Amino acid sequence: MEKLTHVLEAQQFSRKWLEEEFFPLVNEMKKIPKGSGKDILEGKEMISFFYEPSTRTRLSFEVAMRRLGGEVIFSTDHAKEFSSVAKGETIEDTIRILCDNEPDIIVLRTDEEGMAHRAAEFSSVPIINAGDGAGQHPTQALLDLYTVQDEIGRIAGTSIAMAGDLNRGRTVRSLAYLYAKYPDVKIYFVSPEAARMRPDIKNYLKQHGVPFEELHDLRKVAPFVDIIYNTRVQKERGAQMVKYGPPSFCTVNQEVLDLAKKDARVLHPLPHEDEIAPEVDNDPRAAYFRQARNGRFVRMALLKMILS
Amino acid sequence: MEKLTHVLEAQQFSRKWLEEEFFPLVNEMKKIPKGSGKDILEGKEMISFFYEPSTRTRLSFEVAMRRLGGEVIFSTDHAKEFSSVAKGETIEDTIRILCDNEPDIIVLRTDEEGMAHRAAEFSSVPIINAGDGAGQHPTQALLDLYTVQDEIGRIAGTSIAMAGDLNRGRTVRSLAYLYAKYPDVKIYFVSPEAARMRPDIKNYLKQHGVPFEELHDLRKVAPFVDIIYNTRVQKERGAQMVKYGPPSFCTVNQEVLDLAKKDARVLHPLPHEDEIAPEVDNDPRAAYFRQARNGRFVRMALLKMILS
Amino acid sequence: MEKLTHVLEAQQFSRKWLEEEFFPLVNEMKKIPKGSGKDILEGKEMISFFYEPSTRTRLSFEVAMRRLGGEVIFSTDHAKEFSSVAKGETIEDTIRILCDNEPDIIVLRTDEEGMAHRAAEFSSVPIINAGDGAGQHPTQALLDLYTVQDEIGRIAGTSIAMAGDLNRGRTVRSLAYLYAKYPDVKIYFVSPEAARMRPDIKNYLKQHGVPFEELHDLRKVAPFVDIIYNTRVQKERGAQMVKYGPPSFCTVNQEVLDLAKKDARVLHPLPHEDEIAPEVDNDPRAAYFRQARNGRFVRMALLKMILS
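Protein chains in written order, with the numbering used here: chain A, 15 to 322; chain B, 15 to 322; chain C, 15 to 322.
No false leads were slipped in.
Intra- or inter-copy, both count: the list cannot distinguish identical chains.
Result set (DMTMM-like, lysine to aspartate or glutamate): computed pairs, CA atoms no more than 20 Å apart in a straight line:
{"no.": "1", "residue 1": "Lys44", "residue 2": "Glu116"}
{"no.": "2", "residue 1": "Lys200", "residue 2": "Glu228"}
{"no.": "3", "residue 1": "Lys45", "residue 2": "Glu34"}
{"no.": "4", "residue 1": "Lys200", "residue 2": "Asp231"}
{"no.": "5", "residue 1": "Lys45", "residue 2": "Asp118"}
{"no.": "6", "residue 1": "Lys48", "residue 2": "Glu116"}
{"no.": "7", "residue 1": "Lys200", "residue 2": "Asp277"}
{"no.": "8", "residue 1": "Lys44", "residue 2": "Asp114"}
{"no.": "9", "residue 1": "Lys48", "residue 2": "Glu85"}
{"no.": "10", "residue 1": "Lys48", "residue 2": "Asp114"}
{"no.": "11", "residue 1": "Lys94", "residue 2": "Glu66"}
{"no.": "12", "residue 1": "Lys45", "residue 2": "Asp114"}
{"no.": "13", "residue 1": "Lys52", "residue 2": "Glu85"}
{"no.": "14", "residue 1": "Lys52", "residue 2": "Asp114"}
{"no.": "15", "residue 1": "Lys44", "residue 2": "Asp118"}
{"no.": "16", "residue 1": "Lys234", "residue 2": "Glu289"}
{"no.": "17", "residue 1": "Lys17", "residue 2": "Glu42"}
Because the hints were derived from the structure by calculation, they are not lab data. Values in this document were obtained by computation on a predicted structure and should not be read as measured data.
Please take these sequences and the hints and turn them into a complete structure.
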């Protein structure tokens, strides 16, 4: 199989790669005791270049790198506001400058869809897209998918409800692309009318023969889905939401848990607000903290694949 | 004696611990030549998580960690403005995410009184409170107290004037708690009427039988106190201050130095403005730069106690 | 020759030092393969203290330090906005606090002309001026000069057109000082009337017998200069510029390239906007990306000189 270079979008990964290479390597990473494995990326160097802060993602990448013995030789999380970027520098020139410093890998967070792809075209070193505006966040999608595999034991044949702001939610978009690679899956898009999934994803699913439905009320599908993947609904959409049902239509609470299957799982990319009620935390089906924890192992696996 | 875990508030330390364990260890840290002692915290990892910037405090902790051979695996100083915190995440969830990354210690600066305590409840690793809003800043208090011990040779039996904005000054509050653990001390709270020490501290002192007085003019007590601990007066309180005396009532200047005892000491948590006149810097009784310097040794001692 | 301590301004370097010590050492740094040379600054510690962000400069210094095996024990790029500085602390007190932490070197970016000099007066460790407001940026000037030497093969006897906002451009000011140390050079200052080089530099050149001319249109000198050093023209000066010619008067584009000598070179401190037209990137005479790349080697050489 071709060696992994850039990580740019969820679509780039095949089911075969996910199952035969990636998931097993993530499992391996999980088993490395703290303090071991420092030789794996010894001498390797990362530049962590975030146009905008994303504390959680930057933390996950930088700790992953250091745990495997690699070095973070430069880190910034407000490159956009302050650096040359603000002075009008193009992504091409920025990448050229970063590459001049000869890192082994660049973790890049930008604020504009497609910038990670443009960066990769010009980069002499591997680029990991850590989120590009309203575009993709492929490492989040990989950890989401790994969590489904890890919690349910399979992805093929499962049904998933993706709830919340599907229009602007980067994570649900990327996850939908990955889900479509598996047979016998079914996707339910649950959102207020004003926050429906965009046509590009729906067309992609149609082309790949993946059945999906759109609805407004999570309670309608809670009884039969394997995965409830909830996301934040942007506050500013509140007014529009009311028109199509109260916020609770997308909320996971005791009522939804009571309806849900006994072996279902609740996922969420975090941070969550009140779209997950406090009582859910204590239910064994709440898998979002385990999901967050998988983030580091997924990123360790990607770094190892690319760099060693 | 019980092993130290969290450092949350000044009250948690006993006089016995301070004298028998802590002060001697700080003295030991002072003697480590630069470049030595790297084995003490080898393999230990710190996350430095500041909701708001405090360059001086973050610098002190991170250098202390690195000098003892430990690693700072993640550092941010604007977690509040930008991260998940801004998206409404609770301190509990934030701490859970940090702990998932398996640091050995978290240095936490928040902007709300009591958050360090809540963090500690949920944390699986030791938390050091590096300031929680108007609450406490216990490592500053420990370095203040250590400086009194180091400069005067004793704490018991000394008198101290705490001057400036006592209402909102975190450092004077924490130091008052520590001072109350020693016999035969006397505290003078010197402030404009609008910036008086809050009742909680005064009640604490009454309960512990610690004599204190409140006044407006530093010159009244300068002749007989051992320690003048001055702090910044917030500019916005200026108007109210005038009513109760000119700003100089809380200023340490040549006039105050002339009144002061020959073996007195002037302390200040720094940075200072004009509440310390420029001429004071050259007086041997000005101990605030030595006090600042003690910050690193105090933090090295705490890290060693907790982590090794 | 005297050992190098502080790097504060371009004038401090002699031609002899540049040619006999500095340029050869930069060449040496260029040849160190990645992963080698870690012993050169092993155990040395840098504090990277930026009052304001300058991602490119901070990146260059921090990577240079790490490549030679040194450690960055503290880094901040918004010290002004947030730290004690904002609370009114003087540069003297800030430097004292930094020195208390016993770094081996401080890289300092401030926002006020002359602050680097004041810092050096009070510092017990070497200071590198990484830009002080409208003052100087000596390491940029050194890398500019090195690039001329490297690209043209000599500095003496060359002619240079410095174009753009010469009034506020820190880099052209510092470079003019260095250029004046060489015989038989000629400088052309090309700018809109509103952005002319300030008298201090022009007087300096007169005193040192360095011939210079001022003009508005780059095309007038393009045919015979060895170096076109272009810089950004601040957008807000646009209106005034129109009065003295369209922006293209200071733009390097195909027209200028067609006029220019076959062995000329185009330099720019980057980031560039449209004062360099897109087609220029592909011309072999465009040396600004190689110039940027030299930044790291120049800083490695300075760090080695000061610290080892």
